[in-house]
Each structure stands twice: as structure tokens, then as C-alpha cells.
Amino acid sequence: ELKVEQNPLFLSMQEGKNYTIYCNYSTTSDRLYWYRQDPGKSLESLFVLLSNGAVKQEGRLMASLDTKARLSTLHITAAVHDLSATYFCAVDLTASGSRLTFGEGTQLTVNP
Amino acid sequence: DAGVIQSPRHEVTEMGQEVTLRCKPISGHDYLFWYRQTMMRGLELLIYFNNNVPIDDSGMPEDRFSAKMPNASFSTLKIQPSEPRDSAVYFCASSWPGQGGLGKNIQYFGAGTRLSVL
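Sequences listed follow chains X and R, in order.
Residues in the first sequence are numbered from 2 upward in steps of one, following the working numbering.
Residues in the second sequence are numbered from 311 upward in steps of one, following the working numbering.
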């Protein structure tokens, strides 16, 4: 059974600081997704990582994938309040991206 | 496109009643997914369809739950009879393998239905 674990589960940080969220998974996979969820809202796709060594960046967020270590990271650079949300990683065991197993989510709060 | 549309947004019902949740996927998407989100269990995949055919329903908790997709633009998730432990947010998502670039198959989520069973 695939297990996807994120840490930390809760993260409170100050604006302007850097931090990394980790996503570990238990079974070989070459496909990993990051999503963002604002309180009471839906999930929004952030990144899709499709191969070992893949790196994607959008604004202050950068995601990477190490399939050998079964690890993905989401790095936050110079955090701003607007980044406050819950971030989920999701791993797919199929070749098509159709059966995602989600991590528990990391609730990020960026304080002024 | 209006995105994935779910209805109702909120549903409050009493234990034992039948509940039907509805979903309209993004036009052209051939995958449709139903998820349940709770504090205790997180986000769980219940069932997914490809070209209107159920592919994997291993996440459906029990026989009280059923899902149908009669055509490419409509799906329902039914709970009968409902129980208090079914209270959760239910999300529908849809995808197309070519969306966002070949092979990515990004899932787009609806706004969710918040179900409360009293």
C-alpha cells in the first residue's frame, strides 16, 4: 500500500523567511503533484513532476523530485502572507496520473 | 470554461436519508474522480471513471455509496442511507491526459459539497 507522508504538518513562519516542506512516499513512482488549498476552498494544481531530478518553479515556490530517495520538496523563498494555505503532495502509481494518493497536507501560516 | 461544477455546495440531512451529489466535469475531460475530505482521514479517492466507465471503486467505503456517470458531462455520487460519519467535504475532479502538456493529466477540482448528516 502506498503511503505518502508530509512534514511538517503545521508550519508557522515569518514573512521574508525561507522554508522547505518535505513529501516522502513508500513506493516507486515517477509522477508527483503539488496542490494548494485555501481554507474552505478547492484544490488548485501547482506543479507536476514527471521524472527524477525534475524541478519546477513558480514565483516564490520551487518543487523538486528525487525518485531514488522517494522524496519531493516544496521550497518557499521569502514567504509572503498570500502563501498561507494548506499544501498537498500527491503521488501516482499508474502511468497515466489517474490514481493519486495524497499526503496529509502541510498547513502553512505566514505571519507579518 | 466554467471549471468543474458541483451541486449542491452545502447539504444538511438527517441520518437515514438519501443524499445525491452532482458533478459536471470540464468539457472534453475523459477522467472523472470523486474524493472525500475529512480531518481524520484527509483526502481520499472514492472512485474514478474513464470515458464514463468506472475504473477503480476500491475507495468506496461501503455498499451505501454508489456512483454513476451516465454521460460525459454528468456524474452522481449517492449515499443511501446516510450516516453521521459520512459528514465530509466531497470533491469531484476531472482531467484529460493532454491537459497541461502530454502526460501530465492534471486533475481540476470542483468547489466541493459540504455534507452534514445529523
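Don't take every hint at face value.
[Claimed, not checked] Calculated cross-link-like contacts (lysine-lysine; reagent style DSS-like; alpha-carbon spacing at most 27 Å):
#1 R:Lys-378 <-> X:Lys-57
#2 X:Lys-4 <-> X:Lys-42
#3 X:Lys-42 <-> X:Lys-69
#4 R:Lys-388 <-> R:Lys-334
#5 X:Lys-4 <-> R:Lys-414
#6 R:Lys-378 <-> X:Lys-69
#7 X:Lys-4 <-> R:Lys-334
#8 R:Lys-388 <-> X:Lys-69
#9 X:Lys-69 <-> X:Lys-57
#10 R:Lys-378 <-> X:Lys-42
#11 X:Lys-42 <-> X:Lys-57
#12 R:Lys-378 <-> R:Lys-334
#13 R:Lys-378 <-> R:Lys-388
#14 R:Lys-378 <-> R:Lys-414
#15 X:Lys-57 <-> R:Lys-388
The set of hints was computed from the structure by calculation and includes no laboratory data.
Small disclaimer: the values here were computed from a predicted structure and weren't measured.
Could you tell me which of the hints above the structure violates, numbers in ascending order? The structure breaks hints 1, 3, 6, 7, 8, 15; every other hint is satisfied.
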